[in-house]
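So the sequence shown is residues 14 to 95, counted in our numbering.
One thing to keep in mind: the hints can contain errors.
[Claimed, not checked] Below, simulated SDA-like cross-link-like pairs (lysine to any residue); rule was C-alpha separation at most 20 Å, straight line:
no.: 1; residue 1: Lys19; residue 2: Leu91
no.: 2; residue 1: Lys90; residue 2: Leu47
no.: 3; residue 1: Lys19; residue 2: Gly38
no.: 4; residue 1: Lys68; residue 2: Asp46
no.: 5; residue 1: Lys68; residue 2: Gly88
no.: 6; residue 1: Lys19; residue 2: Tyr84
no.: 7; residue 1: Lys63; residue 2: Gly38
Keep in mind the hints are simulated off the structure, nothing from the lab.
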Amino acid sequence: MVELDKEELRTTLADVIDVAPAEIGDSTDFLDDLGVDSLLLLELVVVLEKRYRVKFSEQEMRTARTFRDAYALLGSKLVVSG
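I would like the entire structure built from these sequences, with the hints used as guidance.
Now the structure itself:
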């Protein structure tokens with residue numbers, strides 16, 4: 014089972030979005046605060062699915078708007094699949 018490290022996830026997301034990890038706070042909204050568009054969101058999903066060996070539904074992708082949301086969603090996927 015892959016363990017979910019919060020700072021590692023923050024760094025991974027920051028690399029894909031091309032921002033400094035410090036710019037992604039727990040309540041940072043990917044769309045409103047960082048300007049993530051639908052293509053970049055899809056890239057984020059693909060990276061996370063490959064890295065953590067999980068799958069996200071379209072509905073889950075739409076509801077995980079903040080780092081906190083993404084961390085909680087990914088954590089729940091790892092518990093279910095682990």
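Checked hints:
1. Lys19 to Leu91: Measuring from Cα to Cα gives roughly 13 Å; hence the hint holds.
2. Lys90 to Leu47: 24 Å, violated
3. Lys19 to Gly38: Within the cut-off at roughly 11 Å; holds.
4. Lys68 to Asp46: Outside the cut-off at roughly 25 Å; violated.
5. Lys68 to Gly88: 12 Å, holds
6. Lys19 to Tyr84: At roughly 7 Å apart (the allowed maximum being 20 Å), Tyr84 and Lys19 satisfy the hint.
7. Lys63 to Gly38: Violated: Lys63 and Gly38 sit about 23 Å apart, past 20 Å.
Hints 2, 4 and 7, counting from the list given before, are not met by this structure.
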